[in-house]
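Student: Residue numbers (this note's numbering), protein chains in the order written: chain A, 47 to 160; chain B, 19 to 132.
I should point out that these hints are in silico values taken from the structure, not numbers from a laboratory.
As the structure is a computational prediction, the values presented were derived from the model and not from experiment.
Calculated lysine-lysine pairs in the DSS-like style (CA-CA distance at most 30 Å, straight line):
| hint | chain 1 | residue 1 | chain 2 | residue 2 |
| --- | --- | --- | --- | --- |
| 1 | B | 27 | B | 88 |
| 2 | A | 68 | A | 104 |
| 3 | A | 95 | B | 27 |
| 4 | B | 75 | B | 27 |
| 5 | B | 88 | A | 95 |
| 6 | A | 159 | A | 123 |
| 7 | A | 95 | B | 89 |
| 8 | A | 104 | A | 159 |
| 9 | B | 75 | B | 101 |
| 10 | A | 104 | A | 123 |
| 11 | B | 75 | A | 95 |
| 12 | B | 88 | B | 75 |
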Amino acid sequence: AQSVAQPEDQVNVAEGNPLTVKCTYSVSGNPYLFWYVQYPNRGLQFLLKYITGDNLVKGSYGFEAEFNKSQTSFHLKKPSALVSDSALYFCAVRDIGRNNDMRFGAGTRLTVKP
Amino acid sequence: DGGITQSPKYLFRKEGQNVTLSCEQNLNHDAMYWYRQDPGQGLRLIYYSQIVNDFQKGDIAEGYSVSREKKESFPLTVTSAQKNPTAFYLCASSMSGLPTDTQYFGPGTRLTVL
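Could you build the full structure based on these sequences and the hints that come with them?
Tutor: Have a look at this one:
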């Protein structure tokens with residue numbers, strides 16, 4: 047069965063510092079990995095995805111993520127955090143054998159302090 | 019959120035009532051999904067549909083029903099059989115049902131049982 051874990055419920059960083067939101071996954075085949083962001087009482091906004099190819103994926107709003115097959119991780123990163131980045135972040139995984147089953151992590155709340 | 023609308027934004031239900039949540043998309047996507055979001059649990063799949071007049075149960079379909087009579091519409095009915103319906107409900111769509119496709123989300127409906 048496929049699953050994804052976000053080991054940190056909360057991440058706090060100072061504005062201007064780099065940020066990392068962690069995600070690890072478990073799938074039986076090749077993983078397809080996604081990051082979404084959610085602002086209060088809103089739907090999820092797509093940030094980026096890894097399907098194949100370059101392990102470093104660049105996405106919206108200056109975010110990027112690095113796929114690490116040996117560590118089964120897909121951490122979200124940004125070189126310089128903004129206060130406006132404060133939100134709930136979700137990692138999700140899909141398995142090639144399960145077309146319609148996207149598994150989400152429990153979410154990580156990022157707070158960027160001025 | 020662009021391209022996917024959900025209504026109403028807030029919905030209050032009395033015990034024993036059925037309520038229907040609306041989801042409409044103008045993205046010409048074939049696949050549509052319904053998720054439930056509870057605090058600290060991420061998103062869980064209720065139902066999905068890859069094509070008109072066809073839909074499949076997700077992990078937590080009990081107490082819910084759907085229809086897919088038109089490509090652009092995928093309404094969700096929360097029946098009185100759903101024991102704990104208070105949650106945030108998110109509709110999503112993707113171009114097809116392929117696991118590489120990005121799912122795009124609507125703004126959500128917050129359902130509260132009185």
